[in-house]
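Protein chains: 2
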Amino acid sequence: MSEPVPNETQATAPAAVPATETTAPAPTTDAGGEGEGAPAGPSKNELKKRAKEAEKAKKAAERAAREEAEKKQREAKEAEDHAKQNYGKLPLHQSQERNGQNRLKFADLNEKSVGQRVIFRARLHNMRPQGAKIVFLSFRQQTLTLQGVLVVSGDKDEHQVSKQMLKYATLIPTETIVLVEGVIKSAEVKSCTIQNYEVGIQKIFTAVEVGDLPFSVDDAARPESDFQRMETEDVQFARVALPTRLDNRVMDLRTPTNQAIFRVQSAVCNLFRNYLDSQGFLEIHSPKLQGAATESGASVFKVSYFNGTAFLAQSPQLAKQMAIAGDFERVYEIGPVFRAEDSNTHRHMTEFTGLDLEMAIEEHYHEVLETLDSMLLNIFKGLKEKFSNEIEVIRKQFPCEEFLFLEKTLVLPFKEGMKMLREAGATDSEGNPIGEMDDMSTENEKFLGRLVREKYKTDYFILDKFPLAIRPFYTMPDPTDPTLSNSYDFFMRGEEILSGAQRIHDPAFLAERMKAAGIEPASMSGYLDAFKLGAPPHGGGGIGLERVVMLFLKLGNIRRASLFPRDPKRLNP
Amino acid sequence: MSEPVPNETQATAPAAVPATETTAPAPTTDAGGEGEGAPAGPSKNELKKRAKEAEKAKKAAERAAREEAEKKQREAKEAEDHAKQNYGKLPLHQSQERNGQNRLKFADLNEKSVGQRVIFRARLHNMRPQGAKIVFLSFRQQTLTLQGVLVVSGDKDEHQVSKQMLKYATLIPTETIVLVEGVIKSAEVKSCTIQNYEVGIQKIFTAVEVGDLPFSVDDAARPESDFQRMETEDVQFARVALPTRLDNRVMDLRTPTNQAIFRVQSAVCNLFRNYLDSQGFLEIHSPKLQGAATESGASVFKVSYFNGTAFLAQSPQLAKQMAIAGDFERVYEIGPVFRAEDSNTHRHMTEFTGLDLEMAIEEHYHEVLETLDSMLLNIFKGLKEKFSNEIEVIRKQFPCEEFLFLEKTLVLPFKEGMKMLREAGATDSEGNPIGEMDDMSTENEKFLGRLVREKYKTDYFILDKFPLAIRPFYTMPDPTDPTLSNSYDFFMRGEEILSGAQRIHDPAFLAERMKAAGIEPASMSGYLDAFKLGAPPHGGGGIGLERVVMLFLKLGNIRRASLFPRDPKRLNP
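Heads up: the protein sequence lines correspond to chains A and B, in order.
At position 447 of the first sequence (counting the first as 1) the number is 574 in our numbering, and the numbers step up by one without a gap.
At position 137 of the second sequence (counting the first as 1) the number is 264 in our numbering, and the numbers step up by one without a gap.
Keep in mind that the hints were calculated from the coordinates and are not lab data.
Wrong hints could be hidden among the right ones.
One copy or two, either will do: identical chains are not told apart, so a pair holds if it fits within one copy or between any two.
[To be verified] Okay, derived cross-link-like pairs now, BS3-like style, lysine-lysine, Cα gap no bigger than 27 Å in a straight line:
1) K659 x K232
2) K659 x K330
3) K429 x K696
4) K216 x K659
5) K513 x K176
6) K696 x K659
7) K216 x K642
8) K535 x K508
9) K199 x K185
10) K330 x K260
11) K584 x K542
Start from the sequences and build out the full structure, keeping to the hints where you can.
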């Protein structure tokens with residue numbers, strides 16, 4: 128059956144719907160029609176006539192009573208609901224029985240499904256009654272919606288649908304989880320994602336009821352184009368703000384956009400692992416509870432640890448490097464990373480998912496840079512090849528330019544990047560022209576991203592050879608220019624997604640660099656000890672999973688790429 | 128060249144080794160031999176004789192001087208080291224150059240390698256000098272060791288090995304990272320893991336030096352059988368205690384056993400994911416920082432969170448369930464799990480890696496139980512099929528009986544298990560016979576494991592239908608017997624590795640059960656709110672990665688299955 132456009136309704140409604148019997152005609156009595164007559168006492172004729180009329184009235188009363196009784200019987204019969212067993216509220220699901228029912232997944236619908244009886248669990252997505260006897264319901268399973276049609280049928284119908292059943296169905300709130308039985312039919316449907324099929328509903332049960340909803344999935348899924356229509360058309364749509372979404376994240380996650388975003392997020396992890404597995408990497412799991420604050424003490428969360436204090440790892444940096452010193456050669460880890468930074472921006476969270484790797488170097492740290500690059504290209508290509516449907520769904524709500532990348536990635540020396548910026552008129556925070564060894568501000572990173580896109584037609588590139596002074600103490604200096612380092616950042620759409628370097632593997636040199644950075648080597652003796660046991664030359668990098676997802680899809684806010692985001696002001700849900 | 132068994136040495140040493148030149152004979156002088164003579168002033172003859180003697184002495188002195196000069200020249204020539212360029216300490220690796228060297232991985236050695244010149248980076252595993260001119264070195268790359276032979280050669284040899292070079296090599300400490308150049312030869316070697324090949328060393332450089340070692344890799348890798356030999360043979364071996372290993376984990380991780388254990392650990396994660404990916408599960412990453420303490424407040428770590436307090440997630444339970452309420456249908460997560468329990472046992476850690484899954488149920492929670500079971504069978508089979516080498520390596524150090532499992536897993540009702548225990552004479556902690564609804568003690572779990580192994584020939588089984596009273600508040604009660612629940616534990620070798628259940632998805636019922644468990648519903652309003660938005664019936668379970676690895680391999684202590692274990696007394700390294 129097609130979607131409920133009035134003209135099509137009649138044509139598609141089942142022809143067999145019996146017309147409700149019209150009520151029997153009201154009993155007619157032969158009242159009136161008296162002849163003109165004499166006023167005197169009743170004549171014989173008159174008496175005869177009266178007796179006849181009395182008899183007639185009696186019969187009429189009897190007939191009326193009989194007809195009244197018949198009417199009541201008819202009405203009682205009508206009130207009786209022969210479809211009772213086909214709808215209603217199910218008891219609490221406690222695994223009462225197991226019949227091995229084959230429950231339909233909408234994703235499995237195909238030509239062979241037509242004509243088949245199916246049972247499925249789904250959410251009631253929305254509903255449109257069409258007159259008194261038909262209601263169109265839309266059922267949702269994840270990103271897919273299927274149209275259902277419920278039509279009141281006669282009581283001789285094997286799968287009876289009563290008026291009461293129809294009424295029950297129309298009162299089911301959206302988002303209720305229902306159990307539906309029916310027959311799949313070919314159809315042309317425009318208002319659902321499944322446009323070739325619909326289900327003729329024979330049974331519908333409420334499996335799980337819902338309370339008050341903070342917003343509808345449709346409103347939460349509304350594309351920007353809907354809001355643009357408000358400017359030119361006489362339509363009104365509710366915009367669901369990000370904090371409202373995050374407060375009610377469970378509801379928000381049900382939108383097709385979010386269902387797709389987290390499939391893409393999951394795909395990034397899979398592509399990351401698959402590539403590295405093929406390159407001889409080993410997956411590790413390192414502890415997040417640390418005995419000492421690594422890197423900078425200021426942005427580390429403190430944990431009460433029995434009678435002492437522990438710290439949450441800001442990265443698996445130390446553990447990765449120890450794994451290399453432990454001869455695992457090439458390791459990666461996917462795990463949470465904690466940053467106690469009070470940054471309330473579109474791209475900072477206090478907890479995010481780090482995709483980290485570390486590998487021994489044979490000749491040159493560019494071996495690491497190239498491995499990271501190939502891994503990212505594998506992700507970009509994998510997403511474009513295998514997740515184009517998901518990307519398309521997300522683009523509807525978050526339209527953006529195609530993410531551009533080159534077959535051979537642009538590797539730009541840091542100085543070169545600064546030169547491009549300077550020539551384009553970039554300034555530092557005080558409005559002065561930037562120097563080639565300055566730190567690059569977030570603003571200028573974005574500016575450089577635009578310049579690179581224009582000149583090289585790519586949204587993805589690498590900045591190599593950062594000034595030593597602006598990198599962490601464990602960064603290996605350049606072999607010839609002591610002001611430079613063997614370090615790099617990777618960018619997507621002008622934002623940093625990966626930072627990495629060759630690390631110093633010599634413990635004496637590391638201690639010297641610690642002191643130069645104002646860190647007392649004794650405070651990180653565990654770290655130094657690992658290198659005293661001998662670690663091969665090595666390097667690595669860390670990627671923020673949510674940043675990659677946010678920037679690839681241009682979601683505008685990193686929280687949209689996190690299932691349950693955490694920031695300085697948000698610890699729930 | 129074969130390993131250095133004395134009898135074979137001569138036969139295998141290159142014939143071309145030039146004998147060191149014997150030192151030139153000491154200069155002889157014609158002293159003595161004077162005739163008898165008159166005491167008067169010198170006669171003519173006497174003068175003549177004296178002149179002759181002076182002449183003789185002069186010549187002798189000249190000859191001595193000449194010989195001395197020749198000797199010095201010879202010595203200088205000897206002292207000159209024509210092999211200087213073939214050994215020594217490399218400068219700090221700062222990625223000075225990149226020549227595209229093809230560095231050998233021992234794992235890639237094959238018949239075609241014979242006769243090839245190779246360059247490789249490896250650890251010096253150990254060394255055995257054989258006389259003054261030969262030294263046998265063993266090089267290690269992860270689990271593989273390759274024999275190297277260094278033989279002093281003449282200076283006409285293209286790839287000269289000098290005495291000095293030999294001396295340098297013999298002084299390299301074990302565990303030093305070296306860069307070696309040489310030629311691969313066929314050989315029969317017993318003392319290395321690579322037994323068909325060895326490398327004739329032409330160059331050897333120290334790439335990374337090491338400090339004092341806490342113990343040797345050989346001692347750390349010693350199998351139990353070595354220690355048994357100490358009882359019958361006159362041998363002594365150092366046993367490296369677990370705390371010493373963990374204090375120096377980087378060193379400990381280099382043993383073949385540990386290299387294999389963490390390959391198995393990584394494989395478990397891969398097999399877990401691959402199976403669930405094939406079953407339509409989605410990987411998620413949920414936050415470890417929580418706004419409220421879930422489950423039991425007593426065993427939760429507190430975190431200073433800006434001006435407030437956060438808690439470390441004891442499991443992804445809440446997030447997994449919210450993902451189900453958010454319509455992801457089937458989700459899994461691999462991530463850290465934190466338990467602030469002051470348990471100092473062989474099987475407890477304060478942080479471990481949880482393999483968690485949650486899925487919507489159609490008809491019966493056994494759908495979940497069966498998914499978990501299939502997933503675990505996939506892991507066991509995958510390990511046996513693809514990691515038999517690693518398992519064999521580990522068995523050498525940790526011998527154990529083969530891990531038994533059935534094609535169709537035994538699912539034992541809890542009551543049945545208790546009955547088996549009771550009939551076998553099991554008692555509770557006070558020595559009384561156990562009741563069928565008691566909690567099962569760790570002791571009795573192990574006892575039951577032995578009973579089941581004996582009766583059913585399996586080390587892996589499921590206990591189903593636990594008493595409701597001993598399960599968490601969110602466990603769904605049995606539909607007919609209110610004292611039972613839809614919950615299960617999975618066991619390996621008599622120890623629990625997985626706990627799970629159907630969860631209560633109805634918010635009113637959940638609140639009721641919370642109250643019954645003494646939990647104020649308001650304190651977990653975020654949790655309840657998710658269900659008010661409607662969650663399908665669902666269930667799941669959580670596995671401890673390290674427990675699975677420990678029990679499959681029978682390592683005896685969970686710390687051996689954790690890269691850097693954490694317990695109440697250990698936060699480092």
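Flag every earlier hint the structure violates by its number, smallest first.
Hint 5 contradicted; others consistent.
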